[in-house]
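Take the sequences, apply the hints, and build the full model.
Going down the list, the sequences are from chains A and B.
Per this note's numbering, the very first residue in the first sequence carries number 26; after that it's consecutive.
Per this note's numbering, the very first residue in the second sequence carries number 2; after that it's consecutive.
Take the hints with a grain of salt, since some may be wrong.
Capping the alpha-carbon separation at 25 Å, the derived lysine to aspartate or glutamate pairs in DMTMM-like fashion look like this [stated by the list, open to error]:
hint: 1; chain 1: B; residue 1: K36; chain 2: B; residue 2: E322
hint: 2; chain 1: A; residue 1: K240; chain 2: B; residue 2: E284
hint: 3; chain 1: B; residue 1: K129; chain 2: A; residue 2: E95
hint: 4; chain 1: B; residue 1: K215; chain 2: A; residue 2: E178
hint: 5; chain 1: B; residue 1: K365; chain 2: B; residue 2: E147
hint: 6; chain 1: B; residue 1: K247; chain 2: B; residue 2: D230
hint: 7; chain 1: B; residue 1: K365; chain 2: B; residue 2: D151
hint: 8; chain 1: B; residue 1: K215; chain 2: A; residue 2: D226
hint: 9; chain 1: B; residue 1: K129; chain 2: A; residue 2: D126
hint: 10; chain 1: A; residue 1: K223; chain 2: B; residue 2: D151
hint: 11; chain 1: B; residue 1: K125; chain 2: A; residue 2: E95
hint: 12; chain 1: A; residue 1: K240; chain 2: A; residue 2: D131
hint: 13; chain 1: B; residue 1: K207; chain 2: A; residue 2: D226
hint: 14; chain 1: B; residue 1: K207; chain 2: A; residue 2: D129
Rather than coming from a laboratory, the hints here were simulated on the basis of the structure.
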Amino acid sequence: MTRNLVVVTAGLSQPSSTRLLADQIAGAVAAEVTARGEALDIQVIELRELAVDLATMMATAGMPTSRLNEAREQVSAADGMIVVTPVFAASYSGVFKMFFDALDPDALNGMPVIIAATAGTPRHSMVLDHALRPLLTHLRAVVMPTGVFAATEDFGGGADGQQLSARIGRAADELAGPLVTDGGGSVGGFTPNSADTKRRDSGVHVPARVTPFAKLLDGHSG
Amino acid sequence: MQFGLFSVGDVTTDPTNGRTPTEAERVQSMVAIAKKAEEVGLDVFASGEHHNPPFVPSSPTTMLGYIAAQTENLTLSTSTTLITTNDPVKIAEDFAMLQHLAGGRVDLMMGRGNTGPVYPWFGKDIRKGIPLAVENYHLLRRLWREKVVDWEGEFRTPLHGYTSTPAPLDGVPPFVWHGSIRSPEIAEQAAFYGDGFFHNHIFWNKEHTQGMVKLYRQRFEHYGHGAADQAIVGLGGQIFMADTEKEAVRRFRPYFDNAPVYGHGPSLESFTRDTPLTVGTPEQVIERTLGFADYVGDYQRQLFLVDHAGLPLEQVLEQIEILGKEVVPVLRREFEARRPEHVPSDPPTHSSLLAQGPDSPHLKVINATAGLEQAEDAEVSA
Chain A
26 MTRNLVVVTA GLSQPSSTRL LADQIAGAVA AEVTARGEAL DIQVIELREL AVDLATMMAT
86 AGMPTSRLNE AREQVSAADG MIVVTPVFAA SYSGVFKMFF DALDPDALNG MPVIIAATAG
146 TPRHSMVLDH ALRPLLTHLR AVVMPTGVFA ATEDFGGGAD GQQLSARIGR AADELAGPLV
206 TDGGGSVGGF TPNSADTKRR DSGVHVPARV TPFAKLLDGH SG
Chain B
2 MQFGLFSVGD VTTDPTNGRT PTEAERVQSM VAIAKKAEEV GLDVFASGEH HNPPFVPSSP
62 TTMLGYIAAQ TENLTLSTST TLITTNDPVK IAEDFAMLQH LAGGRVDLMM GRGNTGPVYP
122 WFGKDIRKGI PLAVENYHLL RRLWREKVVD WEGEFRTPLH GYTSTPAPLD GVPPFVWHGS
182 IRSPEIAEQA AFYGDGFFHN HIFWNKEHTQ GMVKLYRQRF EHYGHGAADQ AIVGLGGQIF
242 MADTEKEAVR RFRPYFDNAP VYGHGPSLES FTRDTPLTVG TPEQVIERTL GFADYVGDYQ
302 RQLFLVDHAG LPLEQVLEQI EILGKEVVPV LRREFEARRP EHVPSDPPTH SSLLAQGPDS
362 PHLKVINATA GLEQAEDAEV SA
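So, in C-alpha cells, the structure goes:
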C-alpha cells in the first residue's frame, strides 16, 4: 500500500535552503519506507504560495479560501508529515504559524511528524524544542524524537555536514516506522488502538457523523 | 416565501465622510428601516442581539414591540436571540409578551453569539456553549407548552410550580429558528424539534452552507417531521444595488473596504465570488438569489443584510425601496414557479399554527428521552 507523506515548507526565497532541507528529509523518508517494502507518495505544500490566502482567511473572521481548503484536506489525509520553517525572530516564521492557525483543532490528531528548521546560525537550534514541538504537540500530532536543525554551515562538508545527514537519517527512520506499520494512524480516519482518540477532521466539510440529539439532551428532565 | 431584512445594529463610521452616527440615531435608523420594509412589502424584520459596542440592539423585544405598534403586516424576528447567556425564563416571558402586543407577528432565532466575553459577563462558561443552548432551549419550549413547570437542570436555578406569564398568544408558542454557521449540533437540534434552521450564509462559501442545510434536512426527515425537502430553511444574503454594476461597485466599495469583519481583507471582487455578496443591478441580485435554491433546495425565508458598514440611512432606505419594488416581486414569482407542490412556501406563522388546532405537533412537548434507546451516532450520507 502506498503511504502518503505531506511536506509543509515555509521558506520564502527561491531557491530556499528550507525547501532544500525539506527535500533531503523527504528523500531519506522515501528511502526508509522503500527499504521496508512499501511505496511513498510525497506531496509538497509551499506555504509561500498560500501566504495571501492565509492573510485573507485571517481578515475574514476565518473563512478559508478554496486553495487553502485543498491544503487543509491534503494535510489531514496524510499518513505522515514533515514540517520545516526558517527561524524568524527567534521562532518559526509568521506564515508557518498562520498555516497551523488555519487548521481545525482536530486536523492533525495522531499525525506522525518530523519537525525541522533552518537558520543562519546554530545558536537558534533550540527553536525545534521550544517552539515547533509544543505547537505540534498542542495539535495532538505525534512528534518524532529527532528534530532536524540545519544552520547554514551544516550544508558544508566536514563534521557538521556529516552530522546533519546522520540526523536526517535518524529522523527518517523514526518516521518510517509508524508510516509503514499503521499507515500513520489515518486509516479510516481513526488513530489505532485508541477508541477514545478523536477522529482526524480537516474541518473543510460539515461532519458526516452527528451526535443524536437525545444524547445531547441526556439527563435533562421533562 | 418570506423576504426580509436582518440587522446587526452596528454603529460604524461612514468611511466616505468620517461621520459616526450616535447610538440614538442608530436605534432610530433601525426603526426606520423596519418601517420601510413594511412599506415596500417585505415580510420580516429581524434584529440582532449584542451586549457590547459598537452595537446598539441589546434589548430586541423592546425595539420589536415599538416597531410592532407602527406596522400592520411585518413579522418581527431576531437574528439571533442568545439562548446561551439569556435566562430562558425571561426569553419565554419577553417573546410571549411581544406576541400579544404584535398580534402574533413574531418568531425568533436562537443563536450562541459571537463575542466571547458575553459569557462571563452574564455568568456563563463559553466552553459550555452547546450544552447551554441545548438545556436552555429545552426549558424554553416547556415554559411555552406546559401550564406549570417543575424543572431542574445544570445551568439555572430550579423551578417548582412555575407558570410563565403571559402564556403564548392563543396558547400557540412562536415558531423558532436555530441559527448556526458551523455547529452540526445546532442543525441537529433544529431537526429534532422540527424547528427552522437558518444559515447566516454571508460569511462563508456556499459549499459550507449547503453541507449544513443538507445535514439539517436529513435529520428533520429522520425525526419524522416530514420529508427532507419539506424542512424549514432560511438564508442570509448581502446586496448593494444601482442602475449599473459599475455604479453599484463604485458606491459600495468604500463601505466594503472598511467594513467590520472583512474590511481591509479580501477584495470586493473575490468576496463577491466566494460568498453570496452581490453588488450590481437588481437583475443580478435576482439571478444570484434564485441560485441559492440550487444548492440548499427550495426554502422559505430569505433575509438580506443592507444596513451595515457605515452606510447612511438614506442609502439603506433606497436599497430597501429597490428590493421591495423591483427584486422581491420577481423572486416571489420565480421561487414559487420552481417550488414543488409538497414543499411549503412559507415558514409556519402564528395563524398557520393556530389553524392546526389543539392537536398540532407544534404544541407537543417533545420528551427529553425520546429516541434515546436507539440514539447511536448516526452517519449522514455525504
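### Query
Does the structure keep K247(B) and D230(B) at a Cα separation of 25 Å or less?
Roughly 38 Å separates the two Cα atoms, so the pair is violated.
### Task
Given the hint that K215(B) pairs with E178(A), test it: the Cα-Cα distance must not exceed 25 Å.
violated (56 Å)
### Task
Assess, step by step, whether the Cα of K215(B) is no farther than 25 Å from the Cα of D226(A), and give holds or violated.
holds (19 Å)
#### Entry: Pairwise hint evaluation, D151(B) against K365(B), where the allowed Cα distance is 25 Å at most
Distance ~17 Å between K365(B) and D151(B) Cα, so the pair holds.
### Message
Tell me if the straight-line CA distance from K129(B) to E95(A) falls inside 25 Å.
### Response
Not satisfied, since the Cα-Cα distance of roughly 31 Å exceeds 25 Å.
#### Entry: Distance restraint between K365(B) and E147(B), which requires alpha-carbon spacing of 25 Å or less
holds (9 Å)
### Query
Is the straight-line distance between the alpha-carbon of K36(B) and that of E322(B) 25 Å or less?
Holds, at roughly 11 Å.
### Message
Check the hint pairing K223(A) with D151(B) against an upper bound of 25 Å on the C-alpha distance.
### Response
violated (37 Å)
### Message
For a C-alpha distance cap of 25 Å, please report whether K207(B) and D129(A) respect it.
### Response
holds (19 Å)
### Query
For the pair supplied as a hint, K125(B) and E95(A), is the alpha-carbon distance within the 25 Å limit?
At roughly 37 Å apart (the allowed maximum being 25 Å), E95(A) and K125(B) break the hint.
### Query
Quick one, are K129(B) and D126(A) close enough, alpha carbons at most 25 Å?
Given that 25 Å is the threshold and the Cα spacing comes to 23 Å, the pair holds.
### Message
Just to be careful, I want the Cα atoms of K240(A) and D131(A) compared with a cutoff of 25 Å; is the pair within it?
### Response
Cα-Cα ~22 Å, so holds.
When each numbered hint is compared with the structure, violations occur for hints 2, 3, 4, 6, 10 and 11.
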